[in-house]
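Chemist: Could you build all of it, start to finish, from the sequences and the hints given here?
Number of protein chains: 2
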Amino acid sequence: MLRVGINGYGTIGKRVADAVRAQPDMEVAGVAKVSPDYVALGAAEAEYPLYAVDEDRTDGFHEAGIDLAGTVDDLVADSDIVVDATPSGIGAQNRPLYERHDTPALFQGGEDATIAEVSFNARANYDEATDADYVRVVSCNTTGLSRLVSPIHEDYGIEKVRTTLVRRGGDPDQTGRGPINDALPDPVSIPSHHGPDVQTVFPELDIDTIGLKVPTTMMHVHAVNITLEEAPDDVSEIRDRLRGEDRLLMIPDYAGIDGAGTLKDLALDAGRPRGDIWENCIWEESITIEGRDLYCMQAIHQESDVVPENIDAIRSVTGLLDGPESRALTNETLGIGLSRLDNAEERAVDRQTAD
Amino acid sequence: MLRVGINGYGTIGKRVADAVRAQPDMEVAGVAKVSPDYVALGAAEAEYPLYAVDEDRTDGFHEAGIDLAGTVDDLVADSDIVVDATPSGIGAQNRPLYERHDTPALFQGGEDATIAEVSFNARANYDEATDADYVRVVSCNTTGLSRLVSPIHEDYGIEKVRTTLVRRGGDPDQTGRGPINDALPDPVSIPSHHGPDVQTVFPELDIDTIGLKVPTTMMHVHAVNITLEEAPDDVSEIRDRLRGEDRLLMIPDYAGIDGAGTLKDLALDAGRPRGDIWENCIWEESITIEGRDLYCMQAIHQESDVVPENIDAIRSVTGLLDGPESRALTNETLGIGLSRLDNAEERAVDRQTAD
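Protein chains in written order, with full-length UniProt numbering: chain A, 1 to 355; chain B, 1 to 355.
Just so you know, the hints here were simulated from the structure itself, not pulled from any lab data.
There could be a bad hint or two in this list.
Said to hold, decoys possible - Between beta-carbon pairs, the in silico distance windows are: (1) A:236 <-> B:35: 57 to 67 Å; (2) B:183 <-> A:258: 20 to 30 Å; (3) B:285 <-> A:127: 34 to 44 Å; (4) B:178 <-> A:292: 38 to 48 Å; (5) B:155 <-> A:246: 52 to 62 Å.
Just so you know, these numbers come straight off a predicted model, no measurement behind them.
No residue lacks a Cβ here, since even glycine has one placed at the ideal position from N, Cα and C.
Modeler: Given below as structure tokens:
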């Protein structure tokens with residue numbers, strides 16, 4: 001049983017911990033946290049051994065009645081691999097700690113690509129992380145783009161990608177962030193850093209991105225253009241191709257899902273943990289071909305789409321399973337895919353055939 | 001087994017259906033819905049018999065591959081009691097349908113109080129609904145105020161309540177509603193209708209309310225003032241009194257919960273269905289006494305706080321259990337109360353005592 005330590009128990013860390021616990025081949029060695037807030041209370045309730053990030057900050061946990069198993073140094077010593085889910089930039093400060101213990105580590109997409117040997121996406125380059133000591137799981141936006149680009153690239157060839165990323169201002173618990181009541185060019189320089197980040201996964205890909213930030217907290221939305229090398233005869237061919245991908249969710253027009261609010265409501269109705277949406281959500285009606293230009297819009301759940309990627313990266317680094325096996329196991333254990341949408345589609349098709 | 005029909009399967013109806021299913025003494029006869037959207041797909045997935053509200057609108061369900069068990073008339077005929085969770089004003093149009101079938105019905109707080117013999121809150125007036133044919137479960141805001149007023153009224157007497165309701169603009173899926181980027185006096189007339197609505201539960205209570213609407217979707221927030229007839233010696237007495245109430249959740253200061261965003265994150269971390277918060281959330285630090293004036297702030301989850309009240313109202317109308325028994329069973333089956341907050345508090349107290 002692989003022992004996974006999680007350093008940083010926030011939006012991503014707490015989800016990775018629960019996902020690790022759901023796997024048959026790994027277990028949570030413990031989680032490290034800075035402050036004894038409600039998220040720490042959740043870790044205690046989940047009975048994850050809790051480690052303080054800093055010796056100087058153990059008193060707060062003590063006062064809140066939370067027991068500590070030790071400090072983050074103890075956690076790393078007791079782990080076969082560490083998932084670093086600390087805020088952007090802190091991961092780089094932590095790397096010497098992992099080196100000292102000779103423990104492999106995953107970093108998140110907020111870190112600079114140079115922190116690791118490989119920037120990872122399970123669909124695009126699973127094998128590249130095998131036997132690497134340090135791997136960076138790319139950001140939510142880069143994950144979303146990589147998943148979409150992969151099958152298109154394989155089947156049609158890509159001349160160029162041009163994408164506008166309309167990004168949420170902060171996560172639901174980040175009350176203090178902006179913007180409020182504005183749509184900010186962010187960064188104002190073009191191309192934004194997202195394009196080069198996709199190139200850490202697809203080095204040869206020609207891609208430019210433009211970034212904005214808006215006053216929402218639920219999901220990012222991408223307006224995507226991909227100029228194909230060779231266009232299919234019919235757009236339905238692309239739709240079928242994308243529908244066949246396990247981490248792309250097609251949103252049918254009749255379902256009345258008009259944005260992130262209804263998508264989150266759908267996920268909560270489905271009983272998903274924390275209402276998470278691990279898949280790219282692509283509005284089926286938006287998939288359009290004009291000449292060799294493919295267009296679509298997709299929503300990306302920034303809190304959770306990298307979670308299955310972290311699980312797969314753990315398996316790649318440690319050699320537990322090959323790519324297709326790992327992805328299938330991760331999908332099954334987390335519950336990826338939403339049968340109520342697929343079934344309705346099938347039932348409707350069956351019925352039309354019967355009519 | 002009491003057969004409960006649910007007419008209107010939206011924000012409230014889908015939650016009431018799941019809550020009914022969780023009870024040992026009742027079952028879902030079926031749910032009625034207008035349109036075959038993603039929420040209807042959820043009903044199909046949950047295997048609730050689905051009834052069309054309108055004969056003329058069955059084609060859409062057919063096209064979406066959703067089977068129908070009949071129309072709403074069939075549902076009422078097959079139910080021992082109906083929970084009407086249709087949009088405000090539609091309940092009044094439906095009452096003749098329930099009368100024709102001689103079927104008791106619950107209406108929601110969006111209906112005028114005159115629709116029913118009793119306006120109901122489980123903590124305040126459970127017994128008044130027993131044997132009534134038509135009962136109105138008061139709105140989310142009135143429910144929140146009634147729960148808070150009850151224990152204070154019993155122990156200290158209330159001279160007057162003055163409350164400002166800072167209300168969310170719409171539910172998370174109601175993308176088309178306002179306001180955006182404004183805080184609207186709503187209604188601009190004072191007192192707002194909320195005070196008189198609380199008086200449908202507490203006829204003798206002197207209460208004035210002011211309503212506003214802001215661009216949030218997660219929860220309402222109440223700024224409450226209650227002038228007591230007799231003030232306690234120490235504010236901690238009030239805190240302990242409120243902490244003893246099963247549907248009031250005390251939010252401790254150290255937990256870092258600063259608003260509805262973190263409250264929802266907490267509920268999702270706790271694995272609650274749809275991240276629901278059935279309890280009033282009272283910031284413990286806000287509970288303050290100045291002379292005979294008691295102040296506090298509480299957040300009210302508009303999507304779910306009336307759900308346990310509907311379950312209790314079903315039992316009151318049909319005489320299944322008495323009030324304390326019903327409330328206890330509802331609390332237990334839904335999972336009301338958040339042990340991670342209570343336990344932390346107890347652990348901290350234990351530890352301080354030990355120190």
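Chemist: A separate judgement is required for each hint: does it hold in the structure or not?
Modeler: Outcome of the hint check:
1. A:236 <-> B:35: 57 to 67 Å: Violated, since residue 236 of chain A and residue 35 of chain B (Cβ atoms, about 26 Å apart) do not stay within the stated range.
2. B:183 <-> A:258: 20 to 30 Å: 25 Å, holds
3. B:285 <-> A:127: 34 to 44 Å: Since the Cβ atoms of residue 285 of chain B and residue 127 of chain A sit about 53 Å apart, the hinted range of 34 to 44 Å is violated.
4. B:178 <-> A:292: 38 to 48 Å: 41 Å, holds
5. B:155 <-> A:246: 52 to 62 Å: Taking Cβ atoms as reference, residue 155 of chain B and residue 246 of chain A lie about 58 Å apart, which means the hint holds.
In this structure, the hints that do not hold are numbers 1 and 3, in rising order.
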